[in-house]
Amino acid sequence: MKDMTEDEKPDRNGQPRVLPTLDHRKDYWVSGRLVYLRDKGTAAPSDSQLQSAAAEHLKRSRDPDHKLLGFPVVHDLHAFGRKPALEEPPRILNLAELASQAVDGLDYAAVMNEMADLGPDGRIALFYRDGKLLQHQVFEEPRICEDIARGAVIHNLEVKPQDVSGWRTHQFSIDFKGCLGEVCARCVRVCPENAIHLRGDGASSFCEIDPTACKGCFICWVECSRKSADCILVDGKVFDSEMRAAHFGE
Amino acid sequence: MRRSLAGSSAAAWGFRLSRVDCYPYYPITPSTSCSEQIAAWVADGAMNSVVINVESEHSAASAVIAASKSVRAGTATSSKGLLYMVEVLENASGNSLPFTIFVGNRATGAPINIWGDNSDAYAVRDSGYIQIFSGNAQETLDDIIQAYRIGEDLAVRQPAFVNLRGFTGTHTYEPVEIPGPKQVDSFLPAFMPLEPMFSPARPVTFGPMLSAPYYRRHKRNQSESLRNALEITEKVGKEFGEKLGRSYDIYEWFGDRNAKLVVIMLGESSGAARSAVSHLRGCEGVPGLALLRIRLFNPFPAEAVAKALYRAGAEAVIVLDEGLAHGDVFPPLALRVASSIHAHLGAGAPRLVSVIGGLGGSEIRPDHFQTLFNLADNVAKGRPYRREPYWLDIEEDPILLTDPSKVKPRLWKRYGDIWKAQPILPQYHRALPTTNYEIRLFGRAGQGAITSAVFFTGAGIEKGLWVLTKPTFGSERRGAVVHCDTLIQTSGAEPTRSFAGRQDMVCIYDDTIVHSAQHAPAAALKSDGVVLVNSSKYTPNRIRELLQLSAEQAVYVVPASRIARELQLGPYFNMAMLGAMHRVCPLVDFEDAIEYYKGNVPAPKEANLEAIRRGYAETTDRELETESAPVVNELAEEFFEWRPEEESFEMATLRSLETPRGS
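Note that the protein sequences, when read in sequence, are chains A and B. Going by the working numbering, the residue at position 202 of the first sequence is 202; the numbering climbs one at a time, nothing skipped. Going by the working numbering, the residue at position 609 of the second sequence is 1609; the numbering climbs one at a time, nothing skipped.
One thing to keep in mind: the hints can contain errors.
[Unchecked claim] Partial chain B-side listing against chain A, Cβ under 8 Å, derived:
| id | residue |
| --- | --- |
| 1 | Ala1155 |
| 2 | Met1192 |
| 3 | Glu1195 |
| 4 | Pro1203 |
| 5 | Thr1205 |
| 6 | Phe1206 |
| 7 | Pro1208 |
| 8 | Ser1211 |
| 9 | Lys1243 |
| 10 | Leu1244 |
| 11 | Arg1246 |
| 12 | Arg1257 |
| 13 | Arg1477 |
Don't read these hints as lab results, they were simulated from the structure. Even glycine gets a Cβ: it sits at the ideal position worked out from N, Cα and C.
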């Protein structure tokens, strides 16, 4: 690497990051904006192989006068050895929580003094990689309203289900006599609110709509394999062309 | 590692040392060279980063925001480019995503204007970003590193702008200390995202829709975290000093501790104010005075500024804005200072005057501050003053009344009484010192003349001198006359940024420029100054006549075009001129400089080095001793014939009768 001083080079610990592909015989690695494919089960490339691949790429992207062809492409082979910066979110603890547990590689006295100086809003963020403490930061919790996440980010799995029945103007239900059950289950997959569940198994299975989670969007009705003939009922009735005209203006 | 760098390149070093992982950009003057430099480093493998060539600033901002969820990201822009980003900018501050944008401040037009003022930064002042204004190239480098540290602090976690005035800041070559990567790493830890990228086990939603009760609670949190940047910036500035040797505060106080008169401003133009303050301090009849340069513009350090003014016992405060108000009471900086002192000092607040200047690349010179301190003195004495902004350098609407005949009559009705009550105090208007060594180069565009000045600067800086080179831009039509100023500091301990505008050396790159009445190349030459001309056509005496120089002013000629031709360098004679400059300028030793050039001149290396040596050797103040016919610089002659620089008919006739020596 031209011009890069020894201190500037990133660490090269770990193996190349291999990601699964749709082609089950291949793996691919991503480097910068480039994607490389290789046969599954072959050994990870060695350092020297990576170097020569870089040199080859550099040669191909330049004309004989060493001028760049096209726009600059990243020849960043270190990215192979680079792991994602974070595999799990940082653990954020207050003084009491920190005091009640042992964290390896932390200067407790200094950190706790720092946190005590900040008062009740003193927090520590612990960033882990491979189970090892990578970095920590002591800070004062900036939020006044702590029920709102920083940056209003929503952690989807922590969201409690809400009763949205008030949003809809019609009652939706599935007539289990017409439903094909697990043979189809199309409505289960297309429901944006995850409000339709498959009940029972085998020939006796059928789909059911959770009335508190259904917001009445009509998607299941449009997508139903049986064209709703006698399957998805709106206000207890088959959704016929008249109602369709009233709702979709057709 | 001390190097000669322009402001934009210093910004690029800031990004490189911060180990930016992702840099999407769309180029726009005057911040382009920052992005170009980074793209070149990444292409050469010198920097480990992903550069994305996007199709607009809007996309650049979108990409930088998306990247900053997972990695350290940055970009650079200016003027309309920044305005084009506005639509997405608030997504970063609202979603608490830290990254840094370098802004080469430029006017926003219409009319189109590529030069520096703060309009673009003012336009985004409410977008929730941290805004830092740098005073020079060194600070820009340091501020970008610090901006990452401040923005990524968990008490803040907000994006930041680092601002530097276009051209006078971004394109001035000056000495910059580049810290080592290890040193920077010890100060700036690796970027840590708060959410893992694309983790199926932990899905997250960025940018959700929030209804009123949640929205207002979120905005309360957001404004609190931006406010925390006040404290964190102060802390980070101190720590930067401990680890890298240059500490920074949220504002800079330059001048007397008990200043009665204070000028408040932002950014690079404060260099001129420093010169004026140093010049006026301690003069008879001048009370204590100071410059208060705000470094952290957003969040605005209201309490700190009010306290500083109160401690000093300030009586009159002049706020200079390089941007417009467009219908507001005051322009943004004056507005912020006015509300700060009103809120924190109440009846004890000093009187405040707003001044607008430096628009669209207008010069801000030390003598402007002489006028402003004179105005402040009048205001402090209780004389009447304007409650709306004053303007710098508008003859029809002056600050102090010098020539009543030029004043627009309708303004008499509004301001006549104020003008009459404001005396001009001679103690503020003593001539500024012209003790530094200044060089002005006249050449024809492209970049040849500027390149040689940049080399000369590099050699001077290598030697440990404080050298600045400020090219002028805007008329780079091929063949147009351009000039470029270089300053070598010879007096005063404080590094200066301000040119006095009187030259010790005027260097003329082709002899057709001698005829240019419009450029009058030797008009500001000092009485003992030197003129250096590339000519084998005119004798020194003839040049002396043409430029109407006095006997004390010396004239040297160098046949640079002939040297270049003999060395087969074609029309590139700037290296020969570089050698000649060393012969005339006593401050940068030629033998030391040639060592520096050996490592730096472009190909063909040997021929260029030989051109420098011959340029040095063949410079003379006598007639050239040679038999051969003069070498005419055909390209220059052609440009001159095509568009003679406003030459009068008489002059043209006389010139056509001129007999080149030797023919």
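Checked hints:
1. For Ala1155 of chain B, the interface hint holds, the least distance from its beta-carbon to any beta-carbon of chain A being 4 Å, beneath 8 Å.
2. Interface hint status for Met1192 of chain B: upheld, as the beta-carbon distance to the closest one in chain A is roughly 5 Å, under 8 Å.
3. For the restraint placing Glu1195 of chain B at the interface with chain A, the shortest Cβ-Cβ distance is roughly 6 Å, inside the 8 Å limit, so the hint holds.
4. For Pro1203 of chain B, the interface hint holds, the least distance from its beta-carbon to any beta-carbon of chain A being 4 Å, beneath 8 Å.
5. Of the supplied interface hints, the one on Thr1205 of chain B holds, with its beta-carbon coming within about 4 Å of a beta-carbon of chain A, less than 8 Å.
6. With a least beta-carbon distance of about 6 Å to chain A, the hint placing Phe1206 of chain B at the interface is held under the 8 Å criterion.
7. With a cut of 8 Å, the hint placing Pro1208 of chain B at the interface with chain A holds, because the nearest CB-to-CB distance is about 5 Å.
8. Taking 8 Å as the C-beta contact cut-off toward chain A, the hint placing Ser1211 of chain B at the interface is violated, the least distance being around 12 Å.
9. About 15 Å separates the beta-carbon of Lys1243 of chain B from the nearest beta-carbon of chain A, more than 8 Å, and the hint is not met.
10. A cut of 8 Å between beta carbons decides the hint on Leu1244 of chain B: the least distance to chain A is about 15 Å, and the hint is violated.
11. Given the 8 Å rule on beta carbons, the hint for Arg1246 of chain B is violated: about 20 Å separates it from the nearest Cβ of chain A.
12. Here the hint on Arg1257 of chain B is broken, as its CB sits about 30 Å from the closest CB of chain A, past 8 Å.
13. Residue-level restraint check for Arg1477 of chain B is violated (minimum Cβ-Cβ distance to chain A is 27 Å; threshold 8 Å).
When each numbered hint is compared with the structure, violations occur for hints 8, 9, 10, 11, 12 and 13.
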